[in-house]
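We have chain B; now place chain X onto it with these hints.
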Amino acid sequence: AQSVTQLDSQVPVFEEAPVELRCNYSSSVSVYLFWYVQYPNQGLQLLLKYLSGSTLVKGINGFEAEFNKSQTSFHLRKPSVHISDTAEYFCAVRVQTGANNLFFGTGTRLTVIP
Amino acid sequence: EAQVTQNPRYLITVTGKKLTVTCSQNMNHEYMSWYRQDPGLGLRQIYYSMNVEVTDKGDVPEGYKVSRKEKRNFPLILESPSPNQTSLYFCASSRDRAPKNTGELFFGEGSRLTVL
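Chains as they are written, first to last, in the working numbering: chain B, 1 to 114; chain X, 1 to 116.
FYI, nobody ran anything at the bench for these hints, they're computed from the structure.
Every residue, glycine too, gets a C-beta built ideally from N, C-alpha and C.
Among the clues, some could well be false.
Said to hold, decoys possible - Residues of chain B clear of chain X, computed beta-carbon distances all greater than 10 angstroms:
1. 28
2. 105
3. 113
What the hints assert, rightly or not - Taking CB as the label site, the calculated pair distances span:
4. 69(X) to 8(B): 38 to 48 angstroms
5. 104(X) to 28(B): 31 to 41 angstroms
6. 2(B) to 62(X): 17 to 27 angstroms
7. 39(B) to 11(X): 20 to 30 angstroms
8. 7(X) to 16(B): 21 to 31 angstroms
9. 109(B) to 69(X): 14 to 24 angstroms
10. 96(B) to 86(X): 31 to 41 angstroms
11. 51(X) to 14(B): 41 to 51 angstroms
12. 20(B) to 104(X): 20 to 30 angstroms
13. 5(B) to 104(X): 16 to 26 angstroms
14. 77(B) to 73(X): 24 to 34 angstroms
15. 10(B) to 86(X): 40 to 50 angstroms
16. 80(B) to 104(X): 23 to 33 angstroms
17. 70(X) to 8(B): 35 to 45 angstroms
As the list claims (entries may be wrong) - Residues from chain X that face chain B, not an exhaustive set, calculated with beta carbons under 7 angstroms:
18. 31
19. 39
20. 43
21. 50
22. 90
23. 104
24. 107
25. 108
26. 109
27. 110
28. 114
So here's chain B without its partners, still in its complex pose:
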């Protein structure tokens, strides 16, 4: 079985400061990894994904994440946040075979302070 842990439920950060949202996963098989973002009153949209290859992946809106297999982590980073980045962020995993069932973490609410 797969599981995803997002240790920080809330992360406040000042505008233009860097941010890291942490994600750890556990799985007995190989997985794909995703970060989704949910803006207020909207559905989720894909921020970035790791399927294979380079462990550093870049996504939309200046976000990037690094896959670390030994630490089973997939932390999300942005060097300088904007007010518009205020949202809830979800880390998700799925196994590489079988149905496209994503297992989500509990989410991290990022609040950017002016």
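For chain X alone, kept in the frame of chain B given last:
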């Protein structure tokens, strides 16, 4: 425009009154799924469907039914709603089992259900 459409977006109902939340996608996706989102619990999968007439339980299927008679539609049925089904529900779709399947899910905007 490629999209997943859910209806209704907001609904208040009473215990025991059957209701259906519709979901439709226009991307010809094989895979569709329902999730519920609750504070502190993230998204949990209710049911999913790999293709027409193929459905399977997710992590929290109790109290829900689904059907997949057409590729584009995947309604969620609450036969006898209870207060613990008060939640925000999301429908999602994706291609599946394609050679270069990226696994990206496309989400609807959500349906907020309150059961009194």
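Here is what the structure says about each hint:
no.	hint	in the structure
1	28	holds (17 angstroms)
2	105	violated (6 angstroms)
3	113	holds (22 angstroms)
4	69(X) to 8(B): 38 to 48 angstroms	holds (42 angstroms)
5	104(X) to 28(B): 31 to 41 angstroms	violated (24 angstroms)
6	2(B) to 62(X): 17 to 27 angstroms	holds (21 angstroms)
7	39(B) to 11(X): 20 to 30 angstroms	holds (22 angstroms)
8	7(X) to 16(B): 21 to 31 angstroms	violated (40 angstroms)
9	109(B) to 69(X): 14 to 24 angstroms	violated (38 angstroms)
10	96(B) to 86(X): 31 to 41 angstroms	holds (35 angstroms)
11	51(X) to 14(B): 41 to 51 angstroms	holds (48 angstroms)
12	20(B) to 104(X): 20 to 30 angstroms	holds (23 angstroms)
13	5(B) to 104(X): 16 to 26 angstroms	holds (22 angstroms)
14	77(B) to 73(X): 24 to 34 angstroms	violated (39 angstroms)
15	10(B) to 86(X): 40 to 50 angstroms	violated (23 angstroms)
16	80(B) to 104(X): 23 to 33 angstroms	holds (26 angstroms)
17	70(X) to 8(B): 35 to 45 angstroms	holds (42 angstroms)
18	31	holds (5 angstroms)
19	39	violated (9 angstroms)
20	43	holds (4 angstroms)
21	50	holds (6 angstroms)
22	90	holds (6 angstroms)
23	104	holds (5 angstroms)
24	107	holds (4 angstroms)
25	108	holds (6 angstroms)
26	109	holds (5 angstroms)
27	110	holds (6 angstroms)
28	114	violated (16 angstroms)
In summary, the numbered hints that this structure violates are 2, 5, 8, 9, 14, 15, 19, 28.
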